[in-house]
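Required output: the full structure, derived from the provided sequences and hints.
Now for the letters of each chain:
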Amino acid sequence: MNKVLMTALTALLAGSALAADPAFPKAPSGKVTLEVWSWVPGLDKTVQAFEKAYPNIDVKVTNLGGGPQTYTKLLTTLKAGTGAPDVAQIEYGFLPAFVDTGGLTDLSTLGANNYRKYFVPWTWGQVSPDGKAVFAIPQDTGPFAMVYNDAGLKKYGVSVPRTWAEYEKAAATVYTKSGGQVKLGNFYATYAPWFMALAWADGAQFFKRDGDRWVQTLNNPTAKKVLNYWYGMIKKGHVGTLNAFTSDYWNAVGAGKVLSNMEAAWGPGGYAGSLKDKTAGQWRAANLPQWTAGSTVRSGNWGGSSNVVTAQSKNKEAAMLFSLWLNLSQSAISNNWVNGGLFPASDAGLDFAVLKDKTKNPSKFFGGQDISAVYARASRGVNVNFQWAPWFPFANDNFNKQMDLMLKGRLTPDQALDAWQRETLAEAKKQGYDVR
Amino acid sequence: MKPPRAVPWLFLSPFLVLFAAFYVAPVLYAGYLSLFIKKRAGFGPAKEVFGGLTNYVRAFQDSDFLASLLNILKFAAVQIPLMIVLATALALALDASRGRLQGFFRTAFYLPYTIPSVIAGLLWGYLYSKNLSPFNQITGRSFDFLGSDVVLWSIANIVTWTWTGYNMITLYAALQNIPSDLYEAARIDGADGWNLTRFIKLPLLKPSLLLVLIFSIIGTMQIFSEPFVIRPLGYVPDNITPNTYLYLVATRDGNFSYAATLAILLALFTLLLSAVFLRFTRRGGDL
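Chain order of the listed sequences is Z and S. Numbered by the working numbering, the letters in the first sequence go through residues 1 to 436 in order. Numbered by the working numbering, the letters in the second sequence go through residues 1 to 287 in order.
The set of hints was computed from the structure by calculation and includes no laboratory data. If you're wondering where the values come from, they're calculated on a predicted model, not measured in any experiment. A virtual CB, placed ideally from N, CA and C, is assigned to each residue, including glycine. Be a bit skeptical, because a hint or two may be false.
[Unchecked claim] Heads up, incomplete: computed chain Z residues facing chain S, CB under 8 Å, no partners named:
1) A97
2) D100
3) G237
4) T246
5) S247
6) N251
7) A252
8) G303
9) F394
10) K401
11) Y433
[Said to hold, decoys possible] Just a sample of chain S residues kept apart from chain Z, beta carbon distances all over 12 Å, derived:
12) A6
13) F11
14) Y32
15) L90
16) A93
17) L94
18) T162
19) Y183
20) P203
21) L204
22) L272
23) R282
What follows is the structure in structure tokens.
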């Protein structure tokens with residue numbers, strides 16, 4: 001009897017783990033070719049499963065490698081009114097700028113809102129700012145957690161900080177005990193979204209729609225609190241200011257000179273890939289330190305992307321079907337994680353077994369820890385009401401200018417944020433936005 | 001019998017067609033674009049409306065654009081003379097030397113030019129990175145070559161490295177073309193070494209030097225790839241050169257009309273600079 005029950009239970013559990021994909025919209029009939037621009041590694045392999053399920057739809061993937069050039073190309077084709085793909089990949093922060101060109105399809109007209117329930121709530125807020133129009137289908141996310149070199153922390157006798165107060169103390173300890181050679185953390189001074197994610201975790205709002213107008217508060221009190229906190233540690237030398245994704249940074253981390261950092265869910269893949277054998281197995285992921293100790297984890301998001309359907313597409317239904325399939329079907333989510341390290345925006349996707357595979361990177365690099373559990377918790381703790389403005393690309397670059405002046409000691413953190421607010425506001429007004 | 005009038009035009013036509021399609025048309029289109037401005041009402045995409053000279057007025061008040069012009073002038077004032085003196089010295093040295101090593105040096109100096117500027121930027125980007133730079137490792141310092149105060153001069157170094165050899169080849173070719181009877185006559189008059197250089201080589205090199213200088217001025221105004229490649233490595237100001245700035249205005253801010261305006265102003269500025277330079281050197285006589 002017991003055995004029978006166990007078998008039944010196991011079967012039930014297995015069944016739920018392999019939950020069926022949601023019912024996708026009906027595919028249009030006739031031969032359809034979709035052109036897709038993306039920077040996800042191995043996407044061409046992922047779409048083979050789609051072509052098998054929908055034999056009349058042919059998907060042509062162009063991998064543009066990501067980075068500013070990708071957006072340049074897309075923006076140019078949208079502006080030119082010709083040459084754009086059916087589906088393209090855009091990060092959340094840059095989405096409003098593309099909405100602004102008028103070159104994207106409002107997917108709510110094709111019934112996209114029926115799929116809202118399958119996504120992590122905050123991701124839908126990113127693609128549907130007013131809760132009606134839907135400008136993209138969420139793809140991957142970058143909820144924030146802390147990655148740390150466990151062996152390094154043990155060496156200096158500090159425990160994993162759970163609050164920012166503990167983090168500050170730990171940073172001082174590591175600095176002192178290592179004679180100033182090792183830093184607990186690092187501040188990415190040329191990535192505004194990194195800083196914004198930290199403030200996002202504490203409820204900060206940088207842009208908001210106000211009826212027909214915009215409100216911009218880049219120098220909001222939370223942002224000032226967060227920046228002053230980090231600047232204090234930077235000035236004492238307790239945290240570094242190496243630039244993200246540079247060989248300088250990877251070299252320092254690999255040599256054990258940087259012991260932790262706040263990274264998005266797609267970050268651990270970068271650590272596993274860039275550090276290879278150096279410090280492999282020594283790393284772990286933990287919740288983002290919190291301002292107040294408590295049970296609920298609050299987090300922000302850095303990066304992540306969505307799939308848009310352009311207004312130029314001749315097969316908008318098929319293009320939306322593909323975008324939904326790419327981000328909600330088990331096979332695509334699994335492939336995107338394995339090949340590209342994309343952390344899913346699909347709510348069910350957060351619990352997929354493939355994310356927890358200890359024998360594969362990035363989990364393997366993280367000593368076999370189920371880091372996806374940490375990031376899933378982070379994703380569910382991301383503040384839902386966070387909006388971006390169409391002029392964010394400018395704000396993104398202007399941040400670097402102000403941080404440069406701050407690190408040179410020419411501006412205080414408060415002055416730097418005030419200047420960021422002032423110069424970006426002036427630019428937004430020049431671009432014709434009704435903003436205050 | 002005279003050939004029909006159409007014949008020269010027939011031979012010219014491939015050039016004229018390409019010139020019209022890839023030079024005249026884009027310039028006219030840029031001029032047309034520059035007359036429009038964006039207008040917004042509430043949310044949604046902006047409308048492009050005719051704005052007359054609004055964009056031009058804005059450009060003359062745009063501190064970023066003016067700063068970028070000032071940057072490139074500073075850059076040109078230091079980098080071009082340095083590079084030309086170096087290239088001339090190398091050309092003279094090559095011309096004076098004999099033997100098998102001459103060919104080797106000629107190739108070695110020219111080699112950097114064959115490397116695409118994007119690759120050169122990446123290569124130097126590594127050499128400049130604070131903690132990995134061999135320069136810093138040898139000297140035991142931690143100088144930030146990519147710091148926003150010095151990055152303009154780090155870029156000047158890349159440009160000099162790339163273009164000195166190219167200019168040297170032009171000047172060297174000009175030196176090779178000097179008829180040898182001039183040298184013989186000078187030697188009979190008792191000239192040698194420095195005198196030969198001072199009174200024969202340099203005066204006869206003048207037309208080539210002018211050519212090299214004009215090309216350098218035009219090339220400097222167009223600098224783009226080096227700062228663009230270095231940007232991801234640290235903080236490089238948006239307005240480090242006019243071209244990076246107008247590229248960002250177009251592709252980051254999505255303001256193609258204003259970028260077109262800046263491009264036209266930059267072209268006019270370059271033209272003006274070249275004209276002033278030519279005027280000045282013609283009146284000045286010997287270098």
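Okay, the hints, checked on the actual structure:
Hint status for A97 (chain Z) relative to chain S: holds, with the closest Cβ pair at about 7 Å, below 8 Å. The restraint placing D100 (chain Z) at the interface with chain S holds, with a minimum CB-CB distance near 6 Å, inside the 8 Å limit. Restraint check, G237 (chain Z) versus chain S: the minimum CB separation of about 13 Å is more than 8 Å; hint violated. Below 8 Å, beta-carbon pairs count as interface contacts, and T246 (chain Z) has one with chain S at about 6 Å; its hint therefore holds.
Interface restraint check: S247 (chain Z) against chain S, minimum CB-CB distance 6 Å, threshold 8 Å, status holds. Restraint check, N251 (chain Z) versus chain S: the minimum CB separation of about 6 Å is within 8 Å; hint holds. For A252 (chain Z), the shortest C-beta to C-beta distance to chain S is roughly 7 Å, which falls under 8 Å, so the interface hint holds. Interface restraint check: G303 (chain Z) against chain S, minimum CB-CB distance 15 Å, threshold 8 Å, status violated.
The closest approach between the C-beta of F394 (chain Z) and any C-beta of chain S is roughly 6 Å, which is under the 8 Å cut-off, so the hint is satisfied. Given hint, K401 (chain Z) at the interface with chain S, holds; its Cβ is 7 Å from that chain's nearest Cβ, closer than 8 Å. Hint status for Y433 (chain Z): holds, given a least beta-carbon distance of 6 Å to chain S, under 8 Å. Every CB of chain Z is more than 12 Å from the CB of A6 (chain S) (nearest about 36 Å), matching its label as outside the interface.
Every C-beta of chain Z lies more than 12 Å from that of F11 (chain S), the closest at about 34 Å, which supports listing it as non-interface. Every Cβ of chain Z is farther than 12 Å from the Cβ of Y32 (chain S); the closest lies at roughly 14 Å, confirming the non-interface assignment. Even its closest Cβ contact with chain Z, about 33 Å, leaves L90 (chain S) beyond 12 Å, as expected for a residue assigned away from the interface. Every beta carbon of chain Z lies more than 12 Å from that of A93 (chain S), the smallest distance being close to 37 Å; the non-interface claim holds.
Listed as a non-interface residue, L94 (chain S) keeps its Cβ farther than 12 Å from every Cβ of chain Z; the least gap is roughly 37 Å. Every Cβ of chain Z is farther than 12 Å from the Cβ of T162 (chain S); the closest lies at roughly 22 Å, confirming the non-interface assignment. Here Y183 (chain S) stays apart from chain Z, with its beta-carbon at least about 52 Å from theirs, past the 12 Å limit. Non-interface status of P203 (chain S) relative to chain Z is upheld: no Cβ of that chain comes within 12 Å, the nearest being about 48 Å off.
Distance to chain Z confirms L204 (chain S) as a non-interface residue, since its nearest Cβ pair spans about 47 Å, more than 12 Å. Against the 12 Å criterion, L272 (chain S) stays outside the reach of chain Z, whose nearest CB is about 27 Å from its own CB. For R282 (chain S), the condition that its CB be more than 12 Å from all CB atoms of chain Z holds, with the nearest at approximately 42 Å.
In terms of the numbered hints stated before, the structure departs from hints 3, 8, listed from lowest to highest.
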